[in-house]
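Visitor: Put the two chains together into one complex, using the hints given.
Protein chains in written order, with the working numbering: chain A, 114 to 395; chain B, 1398 to 1665.
Every clue listed holds true.
Rough simulated footprint, nothing fancy, chain B against chain A, three-plus residues with beta-carbon under 8 Å: (1) 279-288; (2) 291-297; (3) 301-307.
The set of hints was computed from the structure by calculation and includes no laboratory data.
Ideal Cβ positions, reconstructed from N, Cα and C, are used throughout, including at glycine.
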Amino acid sequence: MIGSPATRPDVAHSAAPPATRRRSRLWGFGRKYGSAVALLLIIVVLWQAAVRLFSIPDYLLPAPTEIVSSLGDWSILGSATWVTLQEVVYGFAIALVAGVAIAVVLHASALLRRAIYPLLIGSQSVPIIVIGPILVVVLGYNILPKLIIVALICFFPIVVNTLDGLGSVSEDYILMMRTLDASRLAIFRRVEFPACLPMMFTGIRIAVTYAAIGAVVGEWAGSTNGLGYVMLEAEPNLQIARIFAVIVILTGISVVLFTLVSIVQRLVIPWSYTANSRKDTT
Amino acid sequence: MTQETSGPAGSRQTSPGTDATNSAIELSEIRHYFGDLLVLDGIDLSVPARSRVSFVGPSGCGKSTLLLMIAGLLNPRSGTITVGEAVEPSSRLRRCALMPQQDLLLPWRTALDNACLALENRGVSRSAARKQAQPLFERFGLASFEQSYPSQLSGGMRQRVSFLRTLMADKAVFLLDEPFGALDAISRAAMQEWLLSAMSEVPKTIMLVTHDVEEALLLANTVVVFSSRPARILDVIDVKLPARENRLEAVSDPEFVALKHRALGAIR
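Bound conformation, chain B alone (with noise of 0.2 Å):
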């Protein structure tokens, strides 16, 4: 059963096909156990270039591992996963970037020099990777934390530089897995404001992994539910709100509230 997420759903991106750096994902028949266990049970999902979509379900259900096969960290058992032409996870890693759960930031480097990590990996020049992330700190709300240490920083801002390193990497998919997981609710209502109009500057695939539904339909114009282990697609709702002038209206949205049910409603 393939599902396909085009229509409506792709009315904020550029005609999918005809993008250069092709960023279509496809995912057939992906099946994976840990030992014995099953925990993908035949996934199959076609995600048009440059578009964003949420994975949710409940914890455990396998999602992030998902998340870490189509970043070609990670091989599933059977079925195969295209991104753009790669299908060999080496060339999948080069096409995508992730952003985990924890921010993994390098306690011994300032904010700026974490940001700098995929640049100085490719052989730039520490001076010269500085200059291209210095712009960044201002664009995304970190301006005159480009000194800090992580120890500095709160758990908010620390997430924003990991969202910064992630998007250094220059990377054609841009996968995100539970990214404000490990944040209380008020800093993770915020950041997901600022993640809502971060992402929307920057022209990627990008696949965000949460076990929020509200999270997972306030970020993507395409959700996909998933069951519990071992996870199977149990719906792909395509959200397609008015835009809102704050986190709050929209979550309080009729039609939000009725999509939210719906995610919740098969879940259960």
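Same shape as in the complex, but just chain A (with noise of 0.2 Å):
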């Protein structure tokens, strides 16, 4: 590849170390993600070839070159892709923090917990569909909406997996920190809370996915700009090619957030992945 000695001789031959590193690491990463690359090479050529041999039209199903095409409008889908990235960044960030604090506080009380829960689970099964249009109408067509809506879809998966971790750790560590002079405040600090971490970052990553989707659904309640936004203008006009290379842009921001928050997750608790290094998620 790159760094093959054939295409680069000279680099070959004097940094040999560094070179083969570099080749392990691509190797690495190959074998990593190159199934899945060469899988999306694979349905991409397909539907090229289906669009091709069967001749659909470009408003029933565009080609993948159509969309390639499409998505270099980048003076109509540059802003629109920074709007919706702004919704989504600070609609994730409210929804790690309240959702982060809404276990702390059913965890610390069994009352709470007993009274608020079901009806938080209750709250899953309201459409945010339905939400969209009245938050629209309460707080105008600005920014509000969206952030609510995406903390709204993402908050839940970061509270549930949060809480389970706050109540997974077994009664016996407790008993220990409390032979150590541990008060309340100190099991929480050095055992409970660390020992949550990995559960809690399962819910990110799940919640994290979700973001995108809430901010589109807030900008079809009521926007004048974003990705949504462009998808809602595109579809009368047939440009069915925008919607799709949306959803490219969509699918994009996803993997970035999801990748950087697997990234800090591995800085934050090395010693998750030290202890179980089987599980390879990520």
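Guide: Spelled out as structure tokens, the structure:
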């Protein structure tokens, strides 16, 4: 590949160790994501072939090449992507802070847990699509309703996983800490909270993939810019390729955010990887 | 029936009662149930300060439960427990440190930082706590393992760190709940020798729960033999054996073997 001796004989001779290291890293990357990339390529090629072969019109299913050329309309897509990205990131940040805070409060008080937890679970069956327009009527065509919708969609997996993680600490650890003069707060800080981090990150990784959907739903409820707005504009004009281009961008946002969360997870809780190194989901 | 464990058994202890941080333990008429099931049936025992006592009995007889009660983590249905002057569970908890059966080390803390837990819980800064814990690693055969994470240590090593963590709590009473129950026979024997020398440096009242009669005789100067559930005290054995070079010599001593027979006979 890039650092192979055949194409770069000068480098290969004088700096063998870095070149081999780079090559092995590429090899590792290839082994990890190669099959996913290959599958994606196969799908794209079949898709392209099918569209050409059966002469499927653009407004029904655009060819991948059409979608790629549609991605070039950066004057429209660029600012829309920026608007949606802000909604996704800020909304997700609100969900993260609120979700962890709610989980901590519910963990600390059995009374509140009994009172609030069933309502939280019930809240998940309320269709966000219905709430969206109401929020827009109340709050206006600004970023606020979008943030609330993104946060509403994202906070639940964070709360559930964090709460489960906080409760997963075995009683033996609590007793051990009590004989070491730990207060309730010390047990939380030094045992329960660190112990819940792996599960909390599982919740965060689920939540972050919902964030982009939340932003689009928010924009459909009422907006003047953003990727969801671009989709709404494109549909009556039968610019289906542009809709697919938006989907590609939304997918890209989700993948990038998911990867960022995974990197942060590895930095924050390296011990959880040394303990169960077989779990390789990132 | 109050069992007195004074006399020659206390040869290694400084005269009990004159100790400023009195750590004598009194159990009187301890009775406890799990639901309707009687587990402790009238336990009376008096342990002088700074003695070393082991509880031995069949698995599941309730001896670990008794240890949790002494520590103040559990209250008996009836009867009183006194540790020094402390009667209330919370004040007993302040005088007792418990080393659990599993090491229960926190996987996100290094060995050194695990040992610092008690000090940090009391508000000592982590750097100050590390300075205090560091010398103990040298003293107890853990030098150069300070920065290792629990997942990088063997079972025996983890138990040593667990012992240090309990020691750092600096309590008058040291309770060990089957500390080597999770280890294989070979590391168990090595850890018994290690603990014997470690305990000789710790002038505290030490109570150790085990289901291994040999371990009980080896590590304590008084062995309390419990019956199977509901637990009653069957025998209190004073162990006064001459000091031996190593574990193998100690356990093959005829007197040791005789005491072992006596304990096993009582359980049967």
